[in-house]
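S.K.: These protein sequence lines are chains R and P, in that order.
Using the working numbering, you'd call the opening residue of the first sequence number 1 and step up by one each time.
Using the working numbering, you'd call the opening residue of the second sequence number 1 and step up by one each time.
Certain hints may be false.
[Unchecked claim] Label-pair distances were calculated between CB atoms; the ranges are: (1) R:Q645 x P:A108: 34 to 44 Å; (2) P:F65 x R:R842: 40 to 50 Å; (3) R:G845 x P:A108: 46 to 56 Å; (4) P:A108 x R:V33: 27 to 37 Å; (5) R:E77 x P:A108: 30 to 40 Å; (6) R:R679 x P:A137: 31 to 41 Å; (7) P:A137 x R:S801: 50 to 60 Å; (8) P:A137 x R:A39: 16 to 26 Å.
Derived by calculation from the structure, the hints in this document are not laboratory data.
In this text, a Cβ means the ideal position worked out from N, Cα and C, and glycines have one as well.
So you can see what is in the structure, the chains are spelled out below.
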Amino acid sequence: MHFGAGRRRRGRALGRAANILAAVAVSAVLLGVLGFGYAGIPALGPALDPGRGVWTSAQGGEPVRSQTLSLPGLQDEVTVTFTKNGVASIQAATDHDMFLALGYVHARFRLTEMDEERRLAEGRLAQLGGSSDLASDKFELRLGLLRTAQAEWAQMPRGGEAAQALIAYAQGVNDDIAQVRADGQWPATFTLAGVYPAAWTPVDSLAIQGELTQVLDLTATPLDYALLERSLGAARTMAWFPVIAANAQTPYDPGPYRRLPLTPLAPAAGTTSAADPGPDAGTTARSAITKGEAQAAGILLTQLSQLPAGQLHTYPDSNAWAANGPAVAGKNGSALLAGDPHLPQTLPSIWYEVAMSAPGFDVAGVSVPGLPAILIGHNAHIAWSLTDTQNQATFFYDERTKGNQYYWDGKWRPVQVLHYDIKVRGAAAVHLTVDLTVHGPIMTQAGQTTSVDWMGNVPSPDLQAMLTVDKSSDFAQFKAALAGWHAPSQNFVYADAAGNIGAISAGYYPQVAAACQPWLPMPGTGACDIKGVIAYAAIPQVYDPPSHVLATANQRPVSAAYPYYIGTSADFFDPGYRAATVYAALKSAPLTPASFAALQTSLTDTLAVRTVPKLLSALAGAHLSYPERAVVSLLRTWHGTMATQSAAATVWWTFWGDYLIAVFQPWWTHDKVRTGKDRGGLAVSAGQFSLDEDLEAWTLGDPANPAFSLPSGTRRTAPQVMRQALATAVAHLEKTLGGTPASWTWGRLHSREFPAVSGADGLGYGPRPAGGDLFTPDAADGGLQATAGPSWRMIVTLSRSGVSAEGVYPGGQSENPASPWYDNLIPLWWNGQYLPVPVPARPAGPLKWTLTDHE
Amino acid sequence: MNDPRRLGRKGAYRLGELKSAAKPPARLRSPHAPSFGARRSRGSLTGWLAMCAVAAAALGLGAAFGLWFLPFVAGILAGVAPWRLRSALGLAVLAVCAGWGAALAWPALSGAPAGATARAVAALAGLPPHAAVGVAATLLIGVLQAVVAIWLTRALTYRLR
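Take the sequences, apply the hints, and build the full model.
M.R.: Set out below in structure tokens:
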């Protein structure tokens, strides 16, 4: 008994000690994690503090009210007025104050977006987002957006307009950051992460410009070509992915063309030299793609796939067209211009709508938070919009290396080595070494050392060009301004109040020796280096065309007669279906703003219009099942409109995908194409525009093309494969959607979503059933759940009596999900409605901020 | 039954036990305990409510100054108070919910979009995007601190009680 009681006492004592230890340990861990965070978990204590934590972001979501605000650095008083939908209009007495106010307004409504964008561009995203963003940071630091931005700032004359705008803009952003810091009312993302934005600098703005260039211009096409050629062989690759597309297209510049001497290209940022290689540069000839090259291409494509969605250029973007003279209805002015850039549709949007005025500066349209300029819009004399030119701007080089040297122009040269330390939230900093050759950064050393020469890495005065465009009053000034625009290449569509229209595809068009194959990784010995760019006077352009209309929808801007190489059909030149739809509609004069609006929201798929008759004739006389007969009946009365309620649209789209698969997949399987490395660039799908163009051309004019036959030798023709593909499509739809074919409406299969940039579920919009596809003017990119498309719709009416515009974008002016201006513009956009764009120098609405330097 | 004060209370008669006499409570075991010593009071309901109100006010005010760890302090104070465990826990939980709840509600009363903010907070934290989830997550942080603090205090002061 005595021993038993002792044991119980010892047991109780041990239990109490364990209880104390556990309580102390749990308390310490809890307070430590809450106070300081752990690994990826933020410091939730201060973050969720009800009085000072993330909840203070509610103040940023309050409706804007009229007030006077003190902004250090202003030279004079500035007024900012707002429409009830949040569109701002800035009126200032000097350019300096106008840009300062723009910086303040941008930061006030989009500080998180701006900070995330600069972090993304500068390779500092992991400091905010943690280790999941490390791959992106490594890629960006290796690619060099930060080096380019720093070089641009170093080269920029400090007294120049662009530098002054950047300095004033940065002051405005920092005024907002100082206010937020003083109030403690940070946007929620910062408080949750416990990481707060540093002061804004001009380099940050230039880095954001570089990031936008990357989205619109950086491609992996040569890597895809390397893998395709390794599997399909050179002949079949170039037959199916030709330089000039197989189908008929409508270039906006039909010629005649000029052949002029090339313009020298400045060296890329961070590289040591770009002097022309001498006679020791080696040979331009290249053998078949080696295993090492294919391995390097695969590794690089894997790297690229780890970038945040939308960081790589993977699809065509945008429509813009203009009309003048007799094409325009008399009372509607001298000229009309429409523009709708197609970009990832996110909340918040990439755009911020604003009107700005200062002496000599009256401009309205959309700006990019982080940049002190209007990118698309109008002033009192002209209007302009942009579409991507799609020419090849990314070139890969196979470097010969030995230790820390590479072979170029007959000599071994030292690789330039740069070092970076990447801060990671919740983990130790990661060291990164970047190697540079004369071509640019080495992107991989696995299999084959490969460097990239990308036009986005060449410092260029794009901002100065844009600011000059903002102030231009005629085509001569407009064109002269754009001589300084280098990357990304853009089709600038123009119209003015005097009734002129025009377009110019400003940007760099790099040229290599004729014997080189720039669509593949090229030898890095110097023989295939970029020799220069097409002279500005010879780039695609048109002014007052005799047809009185012009349209760019990312189709190749010139015909096959153009005397320069500008890229292949796989460089995301649009197959031309949107351009064809637009040109067909522009024939229906007189044109009005209403007809332009109808065209911007058009759901006509010209590929369907062209090929469905061939499908129906292929099915004529064939033995069809009941659902197949019902499907044929649907297609007979269909006019190619990809409307939400159209069942024929569902049948068509499914058929086209199955048709592509039926023709090409046997070859892909037989030749073992490594589609997993880059699904968008390698897999057989409607997003492979070269294959769409091939199949359209063969279906319409070459139904016995050998590609229809199987690799085994079994001969097939287009009608046979079409019948097979339709049967597959119908079986697929019966299985997925069930019911009768009439119930297979497009909206059941196809939707559109505007995801939140933060990636947070519930802060986006949709998905909602939606019409459109890749080929409709109202484009829906990104798959059956589209996440990209018209990011801004604008129509401008120009006449000698004035310029007026209407526009809308899917989103809202504020990034704060609690703000009434977070997503208030989406319903308007969704329903095809527009709002007047505020007129510069006039109050936009009754809400007014008075900005002053005084306390 | 040697403590008439316990008559009629739970466990007083130990019904169902076959032992002849119940084991006296530990604190009454000593024969030398002075009968004139002060009784340990468990406090009145009014006092408990008053403490709760004071604690809630302190927590609410503390939140406004960024003192996110005050629920832990409140838990420690509740843990050393001469209350039963459930009383201490009840006080801490109620004070945290009332104090932090008031701090959360204050911006809403002044017109700020607190509900939408709560929804955004939940979404950004990777939780289901509902306002109630955002509020609950915040209150949970406070309650957790208080509960752990009470546990810690009572573990350390076991002998004293």
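S.K.: If a hint holds in the structure, say so; if it doesn't, say that too.
M.R.: Outcome of the hint check:
1. R:Q645 x P:A108: 34 to 44 Å: holds (42 Å)
2. P:F65 x R:R842: 40 to 50 Å: holds (45 Å)
3. R:G845 x P:A108: 46 to 56 Å: The hint (46 to 56 Å, Cβ to Cβ) is violated, given that G845 of chain R and A108 of chain P are roughly 27 Å apart.
4. P:A108 x R:V33: 27 to 37 Å: Once the Cβ atoms are compared, 29 Å apart, the range 27 to 37 Å for V33 of chain R and A108 of chain P holds.
5. R:E77 x P:A108: 30 to 40 Å: Given about 35 Å between the Cβ atoms, the range holds.
6. R:R679 x P:A137: 31 to 41 Å: holds (37 Å)
7. P:A137 x R:S801: 50 to 60 Å: At 58 Å between Cβs, range holds.
8. P:A137 x R:A39: 16 to 26 Å: holds (19 Å)
Figure legend: structure checked against the earlier numbered hints; the only hint not met is number 3.
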